[in-house]
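Undergrad: So the sequences go chain by chain: A and B. Numbering of the first sequence is given in the working numbering, commencing with residue 1 and proceeding in unit increments. Numbering of the second sequence is given in the working numbering, commencing with residue 1001 and proceeding in unit increments.
Calculated directly from the structure, the hints in this document are not laboratory data. Misleading hints may appear alongside valid ones.
Computed cross-link-like contacts, DSS-like style, restricted to lysine-lysine with a CA-CA straight-line distance of at most 30 angstroms [claimed, not checked]:
hint: 1; chain 1: A; residue 1: K138; chain 2: B; residue 2: K1404
hint: 2; chain 1: B; residue 1: K1314; chain 2: A; residue 2: K11
hint: 3; chain 1: A; residue 1: K22; chain 2: B; residue 2: K1474
hint: 4; chain 1: A; residue 1: K137; chain 2: B; residue 2: K1046
hint: 5; chain 1: A; residue 1: K142; chain 2: B; residue 2: K1046
hint: 6; chain 1: B; residue 1: K1050; chain 2: A; residue 2: K137
hint: 7; chain 1: B; residue 1: K1404; chain 2: A; residue 2: K142
hint: 8; chain 1: A; residue 1: K76; chain 2: B; residue 2: K1406
hint: 9; chain 1: A; residue 1: K137; chain 2: B; residue 2: K1291
hint: 10; chain 1: A; residue 1: K11; chain 2: B; residue 2: K1600
hint: 11; chain 1: A; residue 1: K104; chain 2: B; residue 2: K1494
hint: 12; chain 1: A; residue 1: K142; chain 2: B; residue 2: K1597
hint: 13; chain 1: B; residue 1: K1275; chain 2: A; residue 2: K22
hint: 14; chain 1: A; residue 1: K142; chain 2: B; residue 2: K1291
hint: 15; chain 1: A; residue 1: K142; chain 2: B; residue 2: K1163
hint: 16; chain 1: B; residue 1: K1600; chain 2: A; residue 2: K138
hint: 17; chain 1: A; residue 1: K142; chain 2: B; residue 2: K1469
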Amino acid sequence: MTNEEVEIVEKTRVILEGIARKRENLIPILQRIQEEFGYLPPYVMLEVAQFLNIPDIDVYSVATFYNQFRLTPPGKHSIRVCMGTACHVKGGQITLAAWQRRLKIGPGETTPDREFDIDTVACVGCCAMAPVTVVDKKVEAKADPTRVDGILLNYQLQKEKGEKEKEKN
Amino acid sequence: MKFEEIKKQAESRWREIWNGQMPVILVGTATCGRAAGALDVLQAIKETVKKQNLHCLIYEVGCMGHCYAEPLIILRKPGFPSICYGHVTPVLAENLVTNLILNDDPSLEFVLAALEENDLIPSFSDFPRSKYEKRILLKNCGRINPEEIEHYIGNGGYNSSAKALKMKPGEIVAEVKKSKLRGLGGGGFPAGEKWDVCRRAEGEPKYLICNGDEGDPGAFMDRAILESDPHSVIEGMLIAGYAIGARHGYIYIRAEYPLAVQRVHHAIRQAEETKLLGENILGSDFSFDIKLFQGSGAFVCGEATALIASIEGKPGMPRHRPPRVAVQGLFGKPTILNNVKTLAYVPHIIENGADWFLQTGTEKSKGTAVFALAGKVVNTGLVEVPMGTTLRQLIFQVGGGITKGKRFKAVQIGGPSGGCLPESALDLPIDFDSLQESGAMMGSGGMVVLDEDDCMVEVARYFLDFTQKESCGKCTLCRLGTKQMLDILEDITKGRGKMEDIETLQELAEDIKTGSLCGLGRTAPNPVLTTLRYFRDEYEVHIKEGRCPALMCQTLIAYYILPEKCARGCDACVGTCTVEAISTDKKRRIKIIDQEKCVKCNTCLVACPPQYDAVIKVSPPTRIPRPNYVSLPSPIDGEVGDGGEKEGKEGGIV
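Build the full structure now, drawing on both the sequences and the hints.
TA: And the structure:
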């Protein structure tokens, strides 16, 4: 195991402390872990199986059944494109295509520099603001291809600003 | 402290807030509002108040229902009616607050409406929708702070819990039975009867689950209620739990609703602190607690047995019934599972009696229904109307008709389990039974309005794509049948369909309906069946002519700039094109779209100034005249069409 992995396992053990070893806690545990690390590393899933004293495959089956869980590391910024009905009729597909075109990755993937990841969500319930994209937990209303470019430009500017400040220091 | 005292205190506090001398500022910060920038507005207001040293009260409220005008704020000042402003920006908010509170100027030009009738400003009751609206479940939404239990109690909240705990459980069940309250999650099963079964069932402890796994894309009623008035749901659970003899309750909320999760979590804690949850509630010998369970993104978990499996820590796969959940549910114990709205109705029924409830609605469906209006309708948002209101009233009176003056085509109701109803069905009264007959279903209340620019084949494909991905995989016909149907629909939307496909679709649909265990599979073919029933001609045009009449199916359309309409000097389309596919023809100085580069993102069509309106869509793509067909292999027939596709104007291709 690499140092990073050892660290993650140790953090996992801290999270597991104080949680009852009951099967019904499996989903809340996985949610907690994903919140912490952004995804479910395979060796952590093994750890959870051992903790709850259930077969490894049971943890894997829950982790792969539910859309919320991801098995690969996320990017720094998460892009969640809403694919609800209202967004669909107002061009949700077009918005998704715009993100894919700009970031050159598909849904469920992360950019090689680990800056962004894209995923689709069924519906975030902001149908009146369609089409929407949730960028880093912030709901962006009426996110058409032009807005997509605007959001990305904003991130780029922020990044450049941050780098300049770093240079200064 | 006794509940009577808590109540007295809360009521006097509320009077102070609502009728006191201090100005009050309400900011709608439900998810819709936040998406439109409500948090920035709230921040700006707080800063203004601090900077100007104003004495006033600011608090956050939930959804006011007028989502089309978000962000919304309400300003109250003694001497003025409560004024609601829409489309508020941080700068505007600063001005509105200063003008009214410091200078007594209500900034009439930005007013949406007043809350109460008055002589100064038109009120919401002057809106055509107020004639149809009847707010019972949404009574508190947008008015009270969802994070303050005192606001809820001050408005009569938890009053009926106190009343219920003095009744016998059997009396409560009888009252709910008498009211004919039906499950508002879409199924429409009589709630009282279910409760009765569970109350009599053997096994301890019993469980009560509130189903907030609102998975229908296009629906946000439950989210709005959980975010705007969480205590109404908790109170409903408390009464229902007492009636069936449950010890533990769960609220299952989907992961996509973080704000609802946060607010409900907070509300549960407050109810516990006020001793409205926990041991010996309000001095009775009834003890009840509520746990919040977060879903993890699986549509099928809206189904009762799948939801229960999910709480038990298993993949959410439905199981055979019987045994019924009311007899053998969570952890094998008797369990009642009700939708958010059903439970939120319970306190009202206990408070006002079954007879009061029976006054509203149609013969078989009583009370009101909450709808989320979305899609191509002017006033998107949340409305509550009595059962029996017609679709036409809801879309044209309440919703204000179709956006951009377009023609109504269909309304999609009931999400992936429902169907698309055409104009001819608009006079149907909305209740559980009449919608079922038309091939759709009421579902939980999501309503997406479609106009002439929406392709019905594409809409059917979209829903099939959704159910196919969300199928849990247990039943073969649902797992593989939906995939087959989806493949066929994809072929049709790409112009590769065959006439016999329509028959295959119908056969598959029937097979999936009969061969699936749960509601997901049994209703999955509905969108296809209803579109085939009401819009068969669109399927045929796709198959026979390779043309999409609504100009929506991407493979079957192309964008084209009409040379005679192009302003030539203007570069709007060139500048906005996201893939640099538009260039200027040096000789003729017109803009030309490189069809090979074009990704059909619609940006140029939006960008082209309305006075020129030169960008149009054509279908099939081969209708673009040859000289402008830049870098595309020679068109098959080079047909020059009339191009009158872009609605509302008489455009034509050269």
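Undergrad: Are the Cα atoms of B:K1600 and A:K138 separated by 30 angstroms or less?
TA: 27 angstroms, holds
Undergrad: CA of A:K137 to CA of B:K1291, is that 30 angstroms or under?
TA: 24 angstroms, holds
Undergrad: Is it true that the CA of A:K76 sits at most 30 angstroms from the CA of B:K1406?
TA: 42 angstroms, violated
Undergrad: Sort out whether A:K22 lies within 30 angstroms of B:K1275, counting only the CA atoms.
TA: 28 angstroms, holds
Undergrad: Would the hint linking B:K1314 and A:K11 be met if the CA-CA limit is 30 angstroms?
TA: 25 angstroms, holds
Undergrad: Under the criterion that the straight-line Cα-Cα distance not exceed 30 angstroms, is the pair A:K142, B:K1163 satisfied?
TA: Not satisfied, since the Cα-Cα distance of roughly 46 angstroms exceeds 30 angstroms.
Undergrad: Has the given pair, A:K11 with B:K1600, been kept, meaning a C-alpha gap of at most 30 angstroms?
TA: 47 angstroms, violated
Undergrad: Check the hint pairing A:K137 with B:K1046 against an upper bound of 30 angstroms on the C-alpha distance.
TA: Satisfied, since the Cα-Cα distance of roughly 23 angstroms is no more than 30 angstroms.
Undergrad: CA of A:K22 to CA of B:K1474, is that 30 angstroms or under?
TA: 26 angstroms, holds
Undergrad: So if I understand the rule, the pair passes when the alpha-carbon distance is 30 angstroms or less; does A:K142 with B:K1291 pass?
TA: 35 angstroms, violated
Undergrad: Can the restraint linking A:K142 and B:K1046 be considered satisfied, given a maximum Cα separation of 30 angstroms?
TA: With Cα atoms ~27 angstroms apart, A:K142 and B:K1046 stay inside 30 angstroms; holds.
Undergrad: Take a quick look at whether A:K104 and B:K1494 sit within 30 angstroms of each other, Cα to Cα.
TA: 24 angstroms, holds
Going through the hint list in order, the structure does not satisfy hints 8, 10, 14 and 15.
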